[in-house]
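Make a model of the complete structure from these sequences and hints.
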Amino acid sequence: MRKELDVIEYVNEFPGLAGSVYDRKLIYLDNAATNQVSRHVIEAMTSHLQRENANTHRGIHYLSELATEHFEQARALAAQFINASRPENIVFNSGATAGLNMIARGLEPSLSPADAVLVTRLEHHSNFVPWQQVCQRTGAEFRVVPLTDTGELDRVAFKKLLSDGRVKIASFAAVSNVTGVVNPIRELIAEAKSCGALTSIDGAQAARGGFLDMEDLQCDYCCFSAHKMIGPTGVGVLYGKESALEKLQVRSFGGGMVDDVTLTATELSGLPFRLEPGTPNIVGIAGLKAAIEDLLRFDLKGILAHEKALMEYTESSLRKIQGVEVLGDMVGRFGAISFVVRGHHPYDLASVMDKKGVAVRVGHHCALPHLSHYGQTAVMRISPAFYNSLQDIDRCMRALLEAMHFFEKWGAKHAC
Amino acid sequence: MRVDKGSEHFTTMAIDSSEVHHDEETASVTEREKEFIEEFSEIGDWLLQYEYLLYYIEDLHDIPEDERSDEIKVKGCVSNAWMRLSSSGGNVCVELTSDALIIKGILGVITAIIGGASVREIAAWEPTFIEKTPLRAKLGMDRQNGVASILSGIKKYAAKQTPWRDK
Chain Z
1 MRKELDVIEY VNEFPGLAGS VYDRKLIYLD NAATNQVSRH VIEAMTSHLQ RENANTHRGI
61 HYLSELATEH FEQARALAAQ FINASRPENI VFNSGATAGL NMIARGLEPS LSPADAVLVT
121 RLEHHSNFVP WQQVCQRTGA EFRVVPLTDT GELDRVAFKK LLSDGRVKIA SFAAVSNVTG
181 VVNPIRELIA EAKSCGALTS IDGAQAARGG FLDMEDLQCD YCCFSAHKMI GPTGVGVLYG
241 KESALEKLQV RSFGGGMVDD VTLTATELSG LPFRLEPGTP NIVGIAGLKA AIEDLLRFDL
301 KGILAHEKAL MEYTESSLRK IQGVEVLGDM VGRFGAISFV VRGHHPYDLA SVMDKKGVAV
361 RVGHHCALPH LSHYGQTAVM RISPAFYNSL QDIDRCMRAL LEAMHFFEKW GAKHAC
Chain B
1 MRVDKGSEHF TTMAIDSSEV HHDEETASVT EREKEFIEEF SEIGDWLLQY EYLLYYIEDL
61 HDIPEDERSD EIKVKGCVSN AWMRLSSSGG NVCVELTSDA LIIKGILGVI TAIIGGASVR
121 EIAAWEPTFI EKTPLRAKLG MDRQNGVASI LSGIKKYAAK QTPWRDK
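Sequence lines, in order, name chains Z and B.
Under my numbering, read the first sequence as residues 1 to 416, first letter to last.
Under my numbering, read the second sequence as residues 1 to 167, first letter to last.
Read the hints as simulated data drawn from the structure, not as lab findings.
All C-beta atoms in this analysis are idealised placements derived from N, C-alpha and C, irrespective of residue type, glycine included.
A hint or two may mislead.
So, partial list: chain B residues that the calculated Cβ filter (under 8 Å) puts toward chain Z [unchecked claim]:
1) Trp46
2) Ser79
3) Asp99
4) Ile102
Using C-beta positions, here's what the derived DEER-type ranges look like [as the list claims (entries may be wrong)]:
5) Ser152(B) to Glu246(Z): 47 to 55 Å
6) Ala114(Z) to Ser87(B): 19 to 27 Å
7) Pro15(Z) to Cys93(B): 48 to 56 Å
8) Gln50(Z) to Ser28(B): 53 to 61 Å
9) Gly44(B) to Gln50(Z): 53 to 61 Å
10) Lys160(Z) to Lys156(B): 49 to 57 Å
Below, the structure is given as structure tokens:
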């Protein structure tokens with residue numbers, strides 16, 4: 001195990017970082033959208049396709065049994081990764097969005113106009129829209145916790161919105177994909193549970209940072225995606241306590257999740273299989289397993305310390321640039337920071353930065369309610385990960401300044 | 001055979017329009033587009049390409065900020081555009097703007113290409129200046145779809161304004 005974080009060594013483990021764009025070295029700072037994957041992940045997926053490509057839980061031949069064995073090992077490892085009590089608490093799906101939608105649709109039949117659902121204003125659309133839509137269909141009240149002036153969750157409002165005991169489920173993010181604010185989810189979960197609510201955590205932005213410990217948090221549900229924790233796209237996990245998973249009505253049917261089907265009735269399988277209809281993304285799960293193996297062997301403490309330093313350096317660098325307005329004013333961001341530059345559209349700036357090899361994201365980041373808190377519809381986001389360096393941040397700032405300089409005369413002439 | 005717009009021979013006009021009018025009366029739009037394609041494609045440097053686009057902002061009939069309502073908005077994930085169309089004397093007046101300068105430049109290109117053209121020319125025009133230039137790679141799918149949506153809106157409007165005998 002490494003004692004100190006050696007960024008160069010980590011960089012070498014991620015082939016996607018070695019590329020160049022427009023003849024410039026790639027500086028990849030869009031990790032809140034998708035992480036790069038390691039050689040180990042690529043090799044695991046390639047090996048699966050070359051040596052054990054068969055369907056799982058369906059065949060009796062050697063390849064199928066081997067694929068099934070490794071598939072269930074991945075499930076056990078995912079449980080270990082988030083300190084879940086049993087592998088059966090882990091449901092594989094296509095990602096956090098699928099998991100959150102499964103929870104919302106699964107609980108929908110139990111909601112009525114007497115109930116309320118609680119989310120927050122800093123949610124990603126995948127943990128906002130499903131609940132909004134479910135409430136519109138069932139008549140349950142849709143409650144949104146506001147943010148404070150610093151962009152953090154309003155804890156007083158959170159408590160107040162729970163106090164009448166009508167909230168059936170409270171669903172909130174561990175970490176914001178826009179501002180990187182880290183919610184005090186242990187305390188929020190405890191508070192919601194004390195008012196009789198089920199609790200669901202959107203862990204998509206938090207999984208890489210070791211924030212998800214189910215034994216410690218005691219939430220009912222938690223979702224995360226492989227591609228935001230150095231795994232491949234198209235695969236994720238819905239964690240649920242057994243009692244919580246039992247509450248989810250099955251809304252999607254197909255193969256691999258039934259024990260018996262007659263002309264008139266169907267007997268569903270037990271958990272977790274009845275929540276995994278159809279052929280899963282088996283090669284993706286092989287990649288997820290390899291990603292977890294990587295994160296478990298990497299120096300997590302060193303990684304987190306480095307990511308903290310990167311975020312602090314990014315924020316301090318941004319705040320030194322005249323015209324930059326950083327969204328939120330909180331301590332301890334993880335994985336993302338967003339901002340606007342007065343007089344410039346983020347699309348213009350990012351287009352020029354792209355030509356200088358710097359990959360950042362612009363737009364609403366699938367978080368329009370969150371952006372509206374700041375009066376914005378499009379912002380630029382920088383989201384480093386542990387394989388980035390302080391020099392990457394310097395290059396990013398240089399590219400930003402050059403882009404601002406390029407557009408200055410046009411912006412003044414043709415103010416948008 | 002060239003047919004006069006004022007001709008009484010409607011049948012002849014209908015038969016000939018696809019062969020003659022498309023080629024001759026859309027020539028100015030097509031030629032202007034061709035000129036843009038050739039000039040833009042010759043610029044190898046991406047920074048100069050952006051500068052070249054930004055100069056086209058001058059061609060825009062901008063929409064004042066307080067008139068950019070949701071009714072005329074072309075929504076996008078990253079940037080927004082607004083489009084207002086009107087017609088007068090057989091010509092389309094296209095007012096376009098965006099909150100991003102690069103997109104404003106592209107809207108300026110559209111304005112310059114179709115400026116002063118008749119509704120029939122615009123309706124008959126098949127835009128190719130995105131796919132035939134480095135803009136295709138630079139814009140990305142979402143912005144291409146947004147620009148395509150604007151072009152489609154302009155063409156449909158122009159087609160509606162085209163007198164029936166000219167269709």
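Here is how each hint holds up against the structure:
no.	hint	result
1	Trp46	holds (5 Å)
2	Ser79	holds (5 Å)
3	Asp99	holds (5 Å)
4	Ile102	holds (5 Å)
5	Ser152(B) to Glu246(Z): 47 to 55 Å	holds (50 Å)
6	Ala114(Z) to Ser87(B): 19 to 27 Å	violated (56 Å)
7	Pro15(Z) to Cys93(B): 48 to 56 Å	holds (53 Å)
8	Gln50(Z) to Ser28(B): 53 to 61 Å	holds (59 Å)
9	Gly44(B) to Gln50(Z): 53 to 61 Å	violated (42 Å)
10	Lys160(Z) to Lys156(B): 49 to 57 Å	holds (51 Å)
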